[in-house]
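Novice: Read off the chains here:
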Amino acid sequence: MEQNQDHNGLKPPLSKTKVLGWIKTNLFGGIFNSILTMVTLYIIWKILPGLFRWAFIESVWSTDAKACRHALGACWSVIAQNLRFILFGFYPYDQHWRPLLCMFIFFALVLYSKNRRRWKRALAYIWVAGLLAMGSLMKGGFWNLISVESSRWGGLPLTLMLSFFGLIGAYPLGVVLALARRSRLPALKAVSVGYIEMVRGVPLISVLFMSSVVFPLFLPRGITINSILRAQVAFILFFAAYIAEVVRGGLQAVPHGQYEAADSLGLNYAQTMRLVILPQALKIVIPPTVNILITAFKDTSLVVIIALYDLLMTTKTVISNPQWMPFSVEAYIFAALIYFVFSFSMSRYSQKLEKELSVGTE
Amino acid sequence: MNIKNTESRESKPTDTPMVEIIDMHKWFGDFHVLRGIDLVVQKEERIVICGPSGSGKSTLIRCINRLEEHQRGRIIVDGVELTNNIKNIEKIRAEVGMVFQQFNLFPHLTILENLTLGPIWVRKMPKAEAEEMAMFYLEKVHIADQARKYPGQLSGGQQQRVAIARSLCMRPKLMLFDEPTSALDPEMIKEVLDVMIELAHEGMTMIVVTHEMGFARSVAHRVLFMDYGKIVEANTPEEFFDNPRNDRTKLFLSQILH
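Keeping their order, the protein sequence lines are chains A and B. Here the first sequence is numbered in my numbering, starting from 0 and rising by one per residue. Here the second sequence is numbered in my numbering, starting from 353 and rising by one per residue.
Fair warning: there could be bad hints in the mix.
What the hints assert, rightly or not - Chain B regions said to be covered by chain A (calculated; three or more residues, Cβ under 8 angstroms):
| # | segment |
| --- | --- |
| 1 | 448-459 |
| 2 | 463-474 |
As the list claims (entries may be wrong) - Listed next, the in silico BS3-like pairs over lysine-lysine satisfying Cα-Cα at most 25 angstroms (straight line):
| # | chain 1 | residue 1 | chain 2 | residue 2 |
| --- | --- | --- | --- | --- |
| 3 | B | K364 | B | K501 |
| 4 | A | K65 | A | K45 |
| 5 | B | K501 | A | K351 |
| 6 | B | K501 | B | K395 |
| 7 | A | K188 | B | K439 |
| 8 | A | K119 | B | K492 |
| 9 | A | K119 | B | K395 |
What the hints assert, rightly or not - Quick partial rundown of chain B residues pointing at chain A, CB under 8 angstroms, derived from the structure:
| # | residue |
| --- | --- |
| 10 | N417 |
| 11 | L419 |
| 12 | E442 |
| 13 | R445 |
Derived by calculation from the structure, the hints in this document are not laboratory data. Keep in mind it's a predicted model, so treat the numbers as computed, not measured. Even for Gly, the Cβ is constructed at its ideal location relative to N, Cα and C.
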């Protein structure tokens with residue numbers, strides 16, 4: 000063989016790259032892996048056809064509850080027949096177009112904001128306008144729209160609302176708490192540490208209970224605060240503490256030299272944080288932050304205990320109807336699917352964001 | 353090290369002091385790092401500080417822009433005394449450029465954004481003007497073609513030249529260099545030193561902590577030798593290298609000049 004052979008265009012060995020290569024290395028790489036693969040395949044082969052038959056072939060989709068009892072498979076009718084209640088709760092039936100329109104506006108805004116190049120000041124105005132429009136649409140009481148009290152709001156819009164405002168409230172508060180905890184002023188630091196440790200020491204349920212039961216006791220007679228708002232504030236205050244700790248981790252991960260470089264340019268504290276430290280720190284903590292956001296999204300379902308009808312509660316209400324009671328599995332699968340779609344989208348989007356933000360920084 | 357221009361010291365320092373340090377002390381906990389530093393640096397003067405590690409050279413220049421706080425004595429930079437007044441500190445820092453051993457570029461910003469950050473936010477300069485100036489200084493450090501890249505995409509030598517340009521964009525009256533070539537691969541040291549020599553030609557006031565003795569010999573007006581938190585010897589490069597007086601200086605020189 001020639002010593003100085005030209006290796007231009009030389010490809011890696013075929014067995015390492017193509018599908019077969021992948022199967023060989025990942026599924027049958029060694030005796031143990033091979034056995035594991037075979038066992039898994041066997042289990043899938045046993046379960047999948049039955050599940051498929053139950054969910055799709057022998058299932059019924061748009062019958063009434065009686066017909067469901069005779070069906071061999073799943074009764075998706077429980078969802079089809081109650082879809083509007085599951086999604087919108089006790090919102091007046093003939094007004095369901097309003098929350099529906101709100102959700103369309105919301106998703107349109109979210110999709111529009113996905114692109115990072117659109118993150119400009121104008122986008123904030125668009126959001127404020129959109130949120131105001133959604134709020135007034137839900138509330139009504141002008142033109143021909145009848146007024147709908149917030150106690151009748153429910154279902155998916157409520158879940159989305161609690162999570163969305165929870166997110167945009169808790170995140171900045173968490174960042175401020177994290178900065179305060181690293182502050183050189185002892186008083187500020189003590190307040191932040193005290194707050195974070197206190198909140199982390201109590202379960203979310205108890206915070207929600209306090210907001211709905213204990214807190215009103217301290218209000219003067221005759222003054223009441225909307226229960227949704229109280230739950231909302233409880234969420235924000237609760238998750239801010241968790242976000243604060245995550246952000247603190249990010250702040251500690253930014254090398255000290257970055258602070259010194261910013262200082263030596265003459266940037267003041269606020270500029271240093273906003274322009275140099277936080278952009279790096281927040282990027283580092285995207286994975287754990289998204290973890291908290293997803294947790295928060297799912298934990299909004301705890302508002303059932305203070306009698307708010309979020310998505311999970313409306314689903315439960317449907318299957319507490321004796322007619323539909325036998326089909327709780329289908330109903331819960333549906334609710335789970337909705338939660339999954341949102342959580343999974345958040346997770347995917349955060350991965351995309353992470354990739355975009357790491358351009359040029361290895 | 354092959355330094356091309358040996359005539360770079362023809363310019364003379366002025367008689368107006370840029371930095372005055374009077375009996376300055378600093379402790380890290382109980383450790384007495386700087387034990388009474390007295391030093392006056394004139395405008396357009398170039399000073400090289402050398403000495404064994406742990407002698408306090410880096411700490412000394414970091415005190416000049418208050419990255420470290422001194423605990424006794426006085427430091428006066430460009431007529432302003434360094435106290436706890438944060439506004440004064442920020443003002444001085446804006447006038448004093450600093451180049452670090454580890455470059456400390458902002459990795460989330462492009463090269464151009466690294467350079468314009470200070471001018472835009474501290475000097476309140478319009479963006480277009482700041483970018484124009486940034487490009488001017490990038491030309492100067494021979495790296496204008498990399499303006500749109502991120503620091504992570506550049507070699508160490510290139511990054512350090514960007515760091516120098518970033519400081520220059522603030523149009524500093526004084527430049528501090530804290531071992532600017534110590535973290536570089538040997539083949540990149542020259543490109544950074546060349547830029548520093550060009551800067552010296554233009555009459556920049558410089559305080560450089562370095563072990564590049566070729567640089568010290570050809571550029572410095574004065575070479576200081578520090579040991580155990582004190583300035584042990586200060587002299588012109590000729591005297592310093594050819595005729596060192598202090599025993600510790602002699603020992604140090606014999607160890608680094610093979």
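Novice: Indicate, hint by hint, whether the structure satisfies it.
Specialist: Consistency of the hints with the structure:
Counting residues of the segment 448-459 of chain B whose beta carbon lies closer than 8 angstroms to any beta carbon of chain A gives 9, which reaches the threshold of three, so the coverage claim holds. Residue count for the segment 463-474 of chain B with a Cβ under 8 angstroms from a Cβ of chain A: 4. That meets the three needed, and the coverage hint holds. At roughly 39 angstroms between alpha-carbon atoms, K364 (chain B) and K501 (chain B) are farther apart than 25 angstroms, so this suggested pair is violated. A distance of roughly 31 angstroms separates the Cα atoms of K65 (chain A) and K45 (chain A); the hinted pair therefore is violated under the 25 angstroms criterion.
For the suggested pair K501 (chain B) and K351 (chain A), the alpha carbons sit about 21 angstroms apart, so the restraint of at most 25 angstroms is met. Among the hinted pairs, K501 (chain B) with K395 (chain B) is inconsistent with the structure: their alpha-carbon atoms are about 35 angstroms apart, more than 25 angstroms. Between K188 (chain A) and K439 (chain B), the direct Cα distance comes to roughly 23 angstroms. Compliance with the 25 angstroms bound is thereby established for this hinted pair. For the suggested pair K119 (chain A) and K492 (chain B), the alpha carbons sit about 34 angstroms apart, so the restraint of at most 25 angstroms is broken.
Taking the CA atoms of K119 (chain A) and K395 (chain B), the gap is near 45 angstroms; set against the 25 angstroms cutoff, the hint is violated. The closest approach between the C-beta of N417 (chain B) and any C-beta of chain A is roughly 6 angstroms, which is under the 8 angstroms cut-off, so the hint is satisfied. Checking L419 (chain B) against chain A: minimum C-beta separation of about 5 angstroms stays under 8 angstroms; hint holds. Hint status for E442 (chain B) relative to chain A: holds, with the closest Cβ pair at about 5 angstroms, below 8 angstroms.
Because the beta carbon of R445 (chain B) sits about 4 angstroms from the nearest beta carbon in chain A, less than 8 angstroms, this interface hint is met.
When each numbered hint is compared with the structure, violations occur for hints 3, 4, 6, 8, 9.
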